[in-house]
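Engineer: What follows is each chain in one-letter form.
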Amino acid sequence: MNLKTSTRQVDGVAIVDCSGRITLGEGSVVLRDVVKDLLTKGQKKILLNLGEVNYIDSSGIGELVSAYTTVRNQGGELKLLKLTKKVHDLLQITKLYTVFDVKDDETAAVKGFR
Amino acid sequence: MAGDRFSYKLDSTLETVDNAEQTASRIASESGFDEDEVMQIAMAVREAAVNAVLHGNAYDPEKKIELEFERTISDLVITIRDQGKGLDLAKIPDPLAPENLLKTSGRGIFLIRSFMDEVQINPSQAGTEIKLFKHVHGTSEDGKEAPQ
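These protein sequence lines map, in sequence, to chains L and H.
With our numbering applied, the first sequence closes on residue 114, and no number is skipped along the way.
With our numbering applied, the second sequence closes on residue 262, and no number is skipped along the way.
Worth flagging that the hints you see were computed from the coordinates, not collected in a lab.
Keep in mind that this is a model prediction, so the values were computed, not measured.
Heads up, some of the hints might be wrong.
[Said to hold, decoys possible] Output of the computed footprint for chain L on chain H, the stretches with three or more beta carbons under 8 Å from beta carbons of chain L:
(1) 152-162
(2) 214-222
[As the list claims (entries may be wrong)] Counterexamples of contact, computed for chain L against chain H with all Cβ distances above 10 Å:
(3) Thr-7
(4) Asp-11
(5) Val-13
(6) Ser-58
(7) Phe-113
(8) Arg-114
Note that the Cβ used here is the ideal one computed from N, Cα and C, for glycine as well.
Throw the hints in and build the complete structure from the sequences for me.
Structural biologist: So, in structure tokens, the structure goes:
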């Protein structure tokens with residue numbers, strides 16, 4: 001299943017609920033467009049909920065890195081929420097787990113934004 | 115099932131990447147690998163297919179991808195060949211190096227090596243061949259049945 005997203009606002013933070021696969025092609029493009037759209041609207045506090053993302057490939061990892069650096073370069077913050085085991089393991093072996101700010105609890109994650 | 119060999123010739127498209135992954139997943143599952151191993155094998159094949167389609171054949175409709183599965187006594191062996199210029203192994207950066215951590219690409223070969231037991235990359239002017247090996251349960255490295 002390709003990536004599907006829906007965005008909601010909680011205390012000034014845009015929470016993007018993602019489900020499906022973030023892979024080369026459509027999945028990566030969907031994620032890129034969502035983040036770009038939020039930044040265009042001035043939304044710079046972004047929480048990507050990956051709880052329903054069951055698969056991600058190297059292109060998807062690259063897209064997460066791109067989203068993270070793009071948001072940060074514009075003075076914003078991007079955090080990840082609720083990683084599945086597969087995504088967690090991938091971020092571990094690529095040493096990106098410590099680069100991203102990863103949270104398990106949505107309320108705490110929202111409060112953690114500056 | 116040992117000795118079975120399946121070979122496919124595929125177009126240089128994104129659809130090929132998905133097909134290669136799905137076929138690898140099915141064959142790995144039929145070969146008795148567990149769920150995590152099936153995912154690893156399928157992902158390694160996906161990454162190799164991405165390299166072949168994007169970096170090898172560069173989506174050229176005239177160039178094909180060859181995908182081969184072979185079940186030996188000791189391994190599931192998957193071979194992916196493209197018709198590109200040949201991968202320059204010296205130009206593949208270490209994605210774990212601090213200066214490369216935030217790069218948006220360059221993790222494919224690393225993931226392939228992480229997920230498979232052995233990887234052989236053979237670049238030539240006629241293209242790149244990558245062979246992926248995953249040891250079958252219950253056999254030792256020399257192909258004999260491992261003691262219980």
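Engineer: Now look at each hint and say whether the structure bears it out.
Structural biologist: Hints, verified against the model:
no. : hint    : in the structure
1   : 152-162 : holds (count 4)
2   : 214-222 : holds (count 7)
3   : Thr-7   : holds (23 Å)
4   : Asp-11  : holds (28 Å)
5   : Val-13  : holds (23 Å)
6   : Ser-58  : violated (4 Å)
7   : Phe-113 : holds (21 Å)
8   : Arg-114 : holds (20 Å)
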